[in-house]
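2 protein chains.
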Amino acid sequence: MNAMDAAEMRRRVEAARVARLATSGAEGRVHIVPICFALDGQTLYFAVDAKPKRTANLKRLRNIAAHPEVSILVDHYEEDWDNLWWVRLDGMARVETQPGEVDLALKLLAARYVQYRVSRPAGPVVAVAIERMTGWSAS
Amino acid sequence: MNAMDAAEMRRRVEAARVARLATSGAEGRVHIVPICFALDGQTLYFAVDAKPKRTANLKRLRNIAAHPEVSILVDHYEEDWDNLWWVRLDGMARVETQPGEVDLALKLLAARYVQYRVSRPAGPVVAVAIERMTGWSAS
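Heads up: the sequence lines are chains A and B, in that order. Last residue of the first sequence? That's 139 in our numbering, and every number before it is there in order. Last residue of the second sequence? That's 278 in our numbering, and every number before it is there in order.
Read the hints as simulated data drawn from the structure, not as lab findings. Where hints are given, some of them may not hold.
[Unchecked claim] Label-pair distances were calculated between CB atoms; the ranges are: (1) A:N2 - B:H215: 25 to 31 Å; (2) B:E218 - A:N57: 26 to 32 Å; (3) A:R120 - B:A261: 28 to 34 Å; (4) A:A66 - B:S258: 23 to 29 Å; (5) B:E166 - A:R94: 23 to 29 Å; (6) B:Q254 - A:A122: 14 to 20 Å; (7) B:A250 - A:M92: 28 to 34 Å.
[To be verified] Sample of chain A residues at the chain B side, in silico, Cβ under 7 Å: (8) R17; (9) S24; (10) G28; (11) W85; (12) W86; (13) V95; (14) T97; (15) Q115; (16) Y116; (17) R117; (18) V118.
We put the CB at the ideal spot given by N, CA and C, even for glycine.
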């Protein structure tokens with residue numbers, strides 16, 4: 001088990017295009033989805049692409065309301081296992097409602113993903129206050 | 140939101156080389172790690188690579204003992220979001236102790252990963268009884 005320093009973890013997370021978000025729901029059932037994201041200091045933002053009418057029913061949002069503790073993983077796989085690594089971010093998620101922070105998040109997301117420049121995501125923005133970053137690298 | 144049929148979900152999971160496992164721990168805190176796996180009917184197997192001395196302390200195993208409900212994600216990312224897809228498997232995990240089933244799991248894992256042919260994984264094998272497969276594809 002080889003730990004990674006904070007700057008290296010951040011560099012790898014920022015370079016990643018996709019992460020996976022795990023949330024905890026009713027009766028402790030976990031749920032996991034891929035997310036596109038932007039990192040800003042100790043906050044990670046992602047947007048929900050679902051249409052507003054469907055948003056209320058999205059499990060990731062219901063789970064976050066009930067259990068804000070989430071875990072987010074960025075990892076690298078290839079057939080040479082000496083090159084495997086992952087970085088995990090644990091933190092507290094909230095649906096962002098302050099217009100200034102929503103705008104900032106959408107700007108950061110648009111800077112990373114052309115799709116968000118073409119059209120603003122239909123659903124809400126979620127902000128995750130990162131409490132801990134853990135990294136592992138095989139070599 | 141475009142659903143996928145069962146055969147297509149299975150085909151994509153079997154072709155994937157890595158998945159992400161989410162488990163639920165104490166006080167509902169979720170945990171997420173990448174896994175290499177093999178699928179056999181309605182069971183997904185993965186092995187723990189940690190040395191036996193460290194195994195007792197691995198969060199994914201402590202979590203499974205406390206909360207066997209797990210969620211496993213296989214997904215595809217590329218810059219053209221029309222090609223995005225994911226398949227999620229929800230099920231009940233247990234550390235496999237029956238020698239016959241451990242042997243079967245290790246054979247299936249070795250068939251998929253050369254690393255497991257070279258050396259048997261040091262830690263235990265986990266079997267996940269899949270209760271539900273859910274798939275989504277952008278197009």
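Evaluation of the provided hints:
A C-beta distance of roughly 28 Å is found between A:N2 and B:H215, which places it inside the suggested range of 25 to 31 Å. Separation of B:E218 from A:N57 is about 29 Å and conforms to the stated range, judged on CB atoms against 26 to 32 Å. A hinted range of 28 to 34 Å is violated for the C-beta pair A:R120 and B:A261, which are about 49 Å apart. The beta-carbon spacing between A:A66 and B:S258, approximately 43 Å, falls outside the hinted interval of 23 to 29 Å.
Between B:E166 and A:R94 the CB atoms are about 18 Å apart, so this pair departs from the stated range of 23 to 29 Å. About 43 Å separates the C-beta atoms of B:Q254 and A:A122, a value inconsistent with the hinted range of 14 to 20 Å. Taken as a hint, the range 28 to 34 Å is violated for the pair B:A250 and A:M92, whose Cβ atoms sit roughly 42 Å apart. At a threshold of 7 Å, the smallest CB-CB gap from A:R17 to chain B is about 6 Å, leaving the interface hint in force.
Because the beta carbon of A:S24 sits about 5 Å from the nearest beta carbon in chain B, less than 7 Å, this interface hint is met. Contact between A:G28 and chain B, as hinted, is supported at the beta carbon level, the nearest pair being about 5 Å apart and thus within 7 Å. Here the hint on A:W85 is broken, as its CB sits about 9 Å from the closest CB of chain B, past 7 Å. Interface hint status for A:W86: upheld, as the beta-carbon distance to the closest one in chain B is roughly 6 Å, under 7 Å.
Violation of the interface hint for A:V95 is found here, the shortest Cβ-Cβ separation to chain B being roughly 18 Å, above the 7 Å cut-off. The criterion of a C-beta within 7 Å of any C-beta in chain B is not met by A:T97, whose closest approach is roughly 23 Å, and the hint is violated. For A:Q115, the interface hint holds, since its Cβ comes within 7 Å of a Cβ in chain B; the closest pair sits about 5 Å apart. For A:Y116, the shortest C-beta to C-beta distance to chain B is roughly 10 Å, which exceeds 7 Å, and the interface hint is violated.
Taking 7 Å as the C-beta contact cut-off toward chain B, the hint placing A:R117 at the interface is violated, the least distance being around 13 Å. About 10 Å separates the beta-carbon of A:V118 from the nearest beta-carbon of chain B, more than 7 Å, and the hint is not met.
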